[in-house]
Structures are given as C-alpha cells and as structure tokens.
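Residue numbers (my numbering), protein chains in the order written: chain A, 199 to 571; chain B, 199 to 571.
Careful, some of the hints might be misleading.
[What the hints assert, rightly or not] Just the calculated beta-carbon pair ranges, DEER-fashion: (1) B/Lys510 - A/Asp229: 39 to 45 Å; (2) A/Lys510 - B/Asp375: 39 to 45 Å; (3) B/Gly274 - A/Thr234: 50 to 56 Å; (4) B/Thr445 - A/Pro331: 28 to 34 Å; (5) B/Pro354 - A/Lys378: 21 to 27 Å; (6) A/Lys512 - B/Asp334: 35 to 41 Å; (7) A/Ser377 - B/Gly413: 30 to 36 Å; (8) B/Pro331 - A/Asp375: 41 to 47 Å; (9) B/Asp375 - A/Gly535: 48 to 54 Å; (10) A/Asp229 - B/Gln379: 36 to 42 Å; (11) B/Pro354 - A/Lys376: 18 to 24 Å; (12) A/Thr234 - B/Glu228: 43 to 49 Å; (13) B/Gly413 - A/Glu241: 49 to 55 Å; (14) B/Pro354 - A/Lys510: 54 to 60 Å.
The set of hints was computed from the structure by calculation and includes no laboratory data.
Each residue gets a CB set at the ideal place from its N, CA and C atoms; glycine is no exception.
Number of protein chains: 2
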Amino acid sequence: MKNYSVILLWSIILCSYSSFAQANSTSVTEDFKPSTVNQPGQEYPQVNSQGYARFQIVAPEAKSVVVSLGLGGAKGGTVLNKSEDGIWKGTTAGAMDEGFHYYHVTIDGGVFNDPGALNFYGSTRWESGIEIPAHDKDFYALKDVAHGNVQQILFPSKSTNTSRRAFVYTPPGYHKDKSKQYPVVYLQHGWGEDETAWSNQGHVNLIMDNLIAEGKIKPFIIVMTYGMTNDVKYGGMASFRIEPFQTVLVDELIPYIDSNFRTIATQAGRAMAGLSMGGMETHTITLNKPDVFSHYALLSGGIYKPEEIKDKSKVKLIFISCGSRENPEKVQSAVKGLKDAGYNAVAYISENTAHEFLTWRRSFKEMAPLLFK
Amino acid sequence: MKNYSVILLWSIILCSYSSFAQANSTSVTEDFKPSTVNQPGQEYPQVNSQGYARFQIVAPEAKSVVVSLGLGGAKGGTVLNKSEDGIWKGTTAGAMDEGFHYYHVTIDGGVFNDPGALNFYGSTRWESGIEIPAHDKDFYALKDVAHGNVQQILFPSKSTNTSRRAFVYTPPGYHKDKSKQYPVVYLQHGWGEDETAWSNQGHVNLIMDNLIAEGKIKPFIIVMTYGMTNDVKYGGMASFRIEPFQTVLVDELIPYIDSNFRTIATQAGRAMAGLSMGGMETHTITLNKPDVFSHYALLSGGIYKPEEIKDKSKVKLIFISCGSRENPEKVQSAVKGLKDAGYNAVAYISENTAHEFLTWRRSFKEMAPLLFK
C-alpha cells in the first residue's frame with residue numbers, strides 16, 4: 199500500500215509544476231491551429247508552434263471560467279476573460295510540454311469538460327484532452343501503412359462474477375496468416391485511467407503499426423484490461439489490493455487470450471508492462487508469478503532490485519523508464535544495479551517530459567524492439 | 199438532397215414532443231437509482247421505476263442550470279434549482295420514454311455535458327446519455343454467454359486519401375473455427391452520429407451475442423463505418439452527397455473486409471441496413487448496387503417502392519421499421535405494397551418509442567433472424 203500512495207503523491211507533485219517547457223515572457227506567435235484531438239469540426243482549443251494553448255468557452259452569463267492547464271491562474275490554471283462577443287477566451291502564460299495533457303474547465307465553481315475537445319478517461323472520469331505537437335510525433339502518427347486492429351473482448355471472470363472488458367491489439371496480417379502464433383504483452387494503464395488509455399491517449403496501435411512497417415520489431419499481440427477490481431469506490435486507492443486483479447489477469451484473462459487468439463502460450467512468449475500504477479502492478483505480479491512472464495517493463499512505475507527476484511534465469515528482460523522531469527537518476531541507478539547483478543536490463547529516459555503520455559509513448563517505442571528476441 | 203432534409207426535420211419535430219411516455223401529475227416514486235450509463239462511481243443522474251430522471255449538477259456560483267431533457271423548462275428541458283448545499287437539483291416533470299436518450303446541460307448560457315454521465319456521439323458532438331430501463335431490456339443486457347468481439351479497423355481509402363475507421367463485430371467462436379465463413383451486414387448510423395453509435399448506444403454486439411446464445415440466428419459479421427465524407431464541415435447536411443460515401447463503402451471497405459475477414463464474399467452473403475440517415479443511404483446504395491447487396495433494411499429511415507427496384511430476383515429481403523410514435527402507417531403501407539408486388543418484405547413497429555435508439559435496438563433484434571436464411 200505504502201508504495202502506491204508514495205508514487206501517486208509523487209506523480210501529482212511532479213505534474214503540478216512540470217508541465218511547462220518554458221515559463222517565460224516571450225512574445226506569442228500567432229499561428230494557432232485546432233488541437234488534433236478536438237471534437238470533429240471544433241476550432242478550439244488551439245495550439246501554436248511554440249506550444250501555447252488557447253481556449254474559447256461559450257458561457258455568456260457565467261461569472262468565472264478557468265481552464266486547469268497553464269500557469270497564472272487560480273490553482274495553476276488559465277483564467278479566461280469574457281470578450282465583447284460574450285465568449286470566454288484565454289491563452290496559457292507559457293508553452294506546454296510536448297505531448298498529451300488532460301484538463302477540465304471550472305465554470306462558476308463547477309467542473310466540466312471543454313465542449314471543443316475529445317474526452318479521455320483519466321482521474322477516474324472522462325476528461326478533456328489536448329495535444330501539443332511533439333517534435334518526434336511521427337512515430338505515433340497515422341500513416342499509410344498496414345494497420346493492426348484493436349478489438350474489444352468481453353471475457354468471463356468467475357472471481358468478480360461478471361464479463362470484464364479488455365482490448366486486444368492484433369498486428370497487421372493476423373487475420374490472413376491463419377497458422378502464425380504471436381507472443382503477448384499484457385500492458386497496464388495508470389491510476390484513474392482504464393483499459394482505453396493505451397489506445398486512446400497512447401496511440402499504442404499506431405506505434406506498433408509504424409514499428410512493424412519499418413521492420414523494427416517482430417509483431418506481437420497486446421492485451422489491455424482494467425487494472426482494478428474495487429468497483430464500489432471506483433478507482434479508490436485506499437481499498438486497493440493487488441490479489442483480486444492478479445487473479446483476473448493470470449487465472450482468467452491469460453487463459454482466455456491463449457484459447458481465443460493465436461498466441462505463443464508460454465512464459466517465454468509473455469511480457470507484462472505498465473505505466474505508473476500499472477508499473478507497480480507489473481512489479482508485484484511478475485515477482486509473484488515468475489513462471490508466467492519472462493519480460494518485465496516499468497514505465498514511470500518504480501524499479502526492480504536484484505534481491506527481489508527469486509530466479510534470475512527466468513527473467514529475459516527488465517526495461518525501466520521515466521521522463522527526464524521525473525526521477526531519472528533512480529531509474530539509471532536501478533538499471534546499473536540490475537546489470538551489475540547480471541540481468542539484461544535497459545533504462546530509457548524521455549527528454550523534457552514528466553509523468554505524462556509522451557513519456558509512455560516514447561518508452562513503449564523504445565521497449566518494443568527489445569521484446570521476445 | 200430534399201429527402202434527407204425532410205427526414206431530418208421530421209426527426210427533430212418528432213423528438214421534441216414525443217420523448218414522454220406520460221405527461222402527468224402523478225406522485226413521484228422515491229426509488230431513484232443511478233443511470234446504467236453513468237460514469238464509473240457517479241451517483242447522478244438517476245432514474246426511478248416510473249421512468250422519471252433526476253439530475254444534480256455542482257456549479258455553486260452559476261445563475262442558471264437547465265437540462266435539455268424533460269418537460270416544463272426553457273426549450274422543453276428541466277430547470278434545476280439550487281439547493282442549500284449549493285448543488286443544482288431537479289427531476290423531469292414526467293416519465294421519459296423507455297430506452298436511451300441524449301442530453302446536455304445549459305449552464306449560464308453555455309452548453310456542456312453532465313459530468314456524471316457517459317458521453318455518446320450524437321448531434322455531431324459527444325453528448326451526455328441516460329438510460330431509462332425498458333421492460334424488455336433483457337435482450338440487450340450483458341449476460342453470461344459467449345461474447346463476440348468488436349474490433350476497430352483502419353482501412354485504406356484512396357478516394358478520401360486517408361485511413362478510415364470502421365468497427366467490425368465478429369461472432370463468438372470466430373477466432374476458434376478457422377475455416378468457417380460468415381455473411382456480413384453493413385450497418386449505418388444516423389445523422390450526427392458516427393461509427394461508434396451502433397455499439398455504444400445500440401449495444402448491437404450484446405444483442406447479437408444473446409440471439410446467438412439462444413440459437414435464434416445464424417451468426418454473421420457486422421461492419422459499421424462513418425457514413426459521411428464531407429469532413430470540412432463535419433456532419434453538415436447541406437453539402438452531403440451520397441456518391442463519395444458509396445465509393446468508400448462499395449469500392450474500398452467491402453473489398454478490405456472480404457480480404458481480411460472470413461466472409462461469404464457474394465451478393466447473397468451481404469446485407470445493408472441503416473437507421474434514419476443511414477436508412478436513406480441504404481435505400482440509395484442498395485438501389486444503385488443491386489449486385490452487391492441482397493438484403494435491405496431501413497430503420498426509421500424511409501421506405502422502398504416496388505417501382506424503384508430494377509431486378510426483383512436479386513432482392514432476398516426488405517425489412518422496414520420505425521417507432522410507433524413516428525410514422526407506422528407509412529411503414530405498414532409500404533410493406534404491404536412490396537408484398538403485393540411479390541417481395542419478401544417485413545414491417546416492424548416498436549411500441550411506445552419514437553426516433554430513438556430503443557426503436558433501433560428492437561428493430562435490429564427483429565431483423566437479425568430474418569437475414570441470410
């Protein structure tokens with residue numbers, strides 16, 4: 199329990215000050231364009247080439263409209279001002295970090311989403327999202343290459359007495375070559391997110407399609423499911439226990455996947471990876487179940503120590519990453535320790551990012567070529 | 199063009215007055231429960247056993263909060279009142295129609311979603327949704343049966359110079375029996391909706407799973423894609439032309455499906471169906487392409503006249519439906535005319551529903567057993 203609370207607090211603290219690439223007083227370049235994750239046809243929010251975000255909210259009779267992103271406002275947000283046309287307008291006081299950010303709008307004391315933006319499940323609710331184009335965004339772009347599919351499955355879970363949802367990425371060609379079998383990565387989201395996060399926010403399917411098209415990886419299947427079972431108080435950490443989720447994952451989901459998809463159904467063909475809380479889950483479950491997974495990856499989600507691992511011969515890869523604005527020294531040091539102890543361990547630090555999805559998109563791209571070699 | 203505008207207007211008029219099962223002054227039963235399509239853990243909106251809906255919105259400094267559902271308020275909505283705890287509260291003045299309804303909240307003149315409800319793509323935006331439990335809701339319930347998958351595909355479209363998205367329902371067992379081939383229904387959404395509607399609002403995957411589990415239908419594949427190509431002004435009807443969508447559907451999507459899924463790739467194994475605007479599209483495209491589809495279905499989406507059809511021998515089924523609060527006489531009369539002309543035509547009227555998703559869920563359930571016999 200303690201570890202989870204610590205990392206959660208750590209994330210919140212990091213996110214609260216680090217989402218600005220520059221806090222500055224340079225002039226704002228007037229080349230704003232609609233964010234790429236706006237709702238269809240919506241002009242706002244917009245982003246400029248410097249990474250500033252500009253918002254417009256229609257609420258003519260409101261007293262106060264504050265966007266939760268950006269410096270300079272109440273609670274670290276951007277205070278919008280009502281213009282003569284009755285529309286509330288405002289621009290962040292500085293450039294945002296490249297990549298994806300969650301946000302919401304506080305209107306007269308109530309928390310709502312921006313009607314212009316698409317919603318993404320984070321903080322245990324569907325929140326507005328905005329995308330600041332990254333200089334390396336090409337690796338997760340939708341390109342004219344063969345595409346894999348992301349499919350929703352509903353698998354039976356006796357332990358929770360329901361059908362649970364997971365999303366399964368199958369690589370291009372999966373449906374055509376009916377004899378080929380694939381290794382599988384079980385990939386977990388972070389706290390407050392759910393099984394939609396890695397596709398919607400992470401674009402993991404597009405990252406895979408692009409890596410496969412470039413011949414950089416051997417294709418594998420990815421399985422993403424909800425990492426909590428305490429549905430009474432959804433997303434609550436206080437009552438979180440790993441065992442019920444471990445049962446769902448190892449005793450229910452994995453057998454279902456192995457019997458319904460063309461998998462390499464062995465320890466050698468199975469990886470577990472997760473971001474933030476999903477990394478903590480990966481850490482615990484891989485250590486508990488050394489005969490189930492052979493490749494482990496923690497993305498902004500803690501570290502492994504050599505003394506935690508019972509049988510070194512069963513671990514084929516340990517990948518540990520975080521953003522440069524998180525705790526890179528800790529990641530580097532842990533990986534050095536693992537290497538010194540004889541493990542195949544790899545560290546990756548995402549430059550100029552914090553506890554956010556660009557860190558995890560990049561981490562996944564770095565990790566994927568190392569798996570199942 | 200004219201037909202589309204007429205049906206759109208017709209839908210709006212119908213929806214504006216017909217979503218109440220009873221406008222009344224009976225006493226309200228205090229057995230409210232959270233709507234089944236609330237966001238995880240959210241207590242409001244709620245619905246009682248009579249079909250009344252109750253809303254709570256936190257916006258302590260707001261001047262005015264109006265929910266777009268229910269009689270008695272401005273523009274036909276429910277005016278909420280601020281209670282002593284600063285929360286805006288209100289209950290519809292009457293019982294709502296059974297089934298799914300879109301809505302939004304107007305706060306100080308701005309249009310937002312209810313933070314308690316899940317969002318569904320309708321009216322060209324992600325809107326709040328609420329579910330009034332229907333007396334026959336069992337047929338679209340999540341049950342302990344074998345489940346098919348709904349998978350997102352990205353298919354190449356040269357005519358629109360992009361990868362377009364579709365969702366494909368494959369029935370239970372699709373992944374196991376690697377030799378079986380299935381017929382396919384191309385199923386279209388209505389105006390303002392998109393390719394997510396039939397799964398999210400329609401629960402078409404669960405309807406299929408349940409019908410298959412009961413042995414009532416022969417399993418088939420369902421393909422759902424976005425029915426418009428005029429992305430400049432998304433969802434705009436003024437610039438709508440059927441030809442670009444027909445090209446995407448017939449020349450690009452169908453060949454992709456036939457080469458990537460185990461389909462019966464013949465006219466006899468292919469149906470087209472659609473609701474509202476999707477029905478108008480079905481009408482036009484099936485008449486234009488008699489060698490592509492053999493089964494036609496219009497759900498609250500117009501009718502066929504015998505004189506429109508060039509070759510009667512190519513049409514295996516015409517299914518036409520609507521809600522009893524729409525224009526059932528027109529549907530019955532059209533089907534009688536088709537039967538008299540020697541067609542295998544079937545009419546279905548959904549009792550006590552209007553131009554809304556319960557009509558279409560029920561229509562799909564009635565239609566499915568008639569296909570590919």
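Each hint tested on the structure:
| no. | hint | result |
| --- | --- | --- |
| 1 | B/Lys510 - A/Asp229: 39 to 45 Å | violated (60 Å) |
| 2 | A/Lys510 - B/Asp375: 39 to 45 Å | holds (42 Å) |
| 3 | B/Gly274 - A/Thr234: 50 to 56 Å | violated (36 Å) |
| 4 | B/Thr445 - A/Pro331: 28 to 34 Å | holds (31 Å) |
| 5 | B/Pro354 - A/Lys378: 21 to 27 Å | holds (22 Å) |
| 6 | A/Lys512 - B/Asp334: 35 to 41 Å | violated (53 Å) |
| 7 | A/Ser377 - B/Gly413: 30 to 36 Å | holds (31 Å) |
| 8 | B/Pro331 - A/Asp375: 41 to 47 Å | holds (45 Å) |
| 9 | B/Asp375 - A/Gly535: 48 to 54 Å | holds (50 Å) |
| 10 | A/Asp229 - B/Gln379: 36 to 42 Å | violated (52 Å) |
| 11 | B/Pro354 - A/Lys376: 18 to 24 Å | holds (22 Å) |
| 12 | A/Thr234 - B/Glu228: 43 to 49 Å | holds (47 Å) |
| 13 | B/Gly413 - A/Glu241: 49 to 55 Å | holds (52 Å) |
| 14 | B/Pro354 - A/Lys510: 54 to 60 Å | violated (46 Å) |
Comparing the model with each numbered hint stated earlier shows that hints 1, 3, 6, 10 and 14 do not hold.
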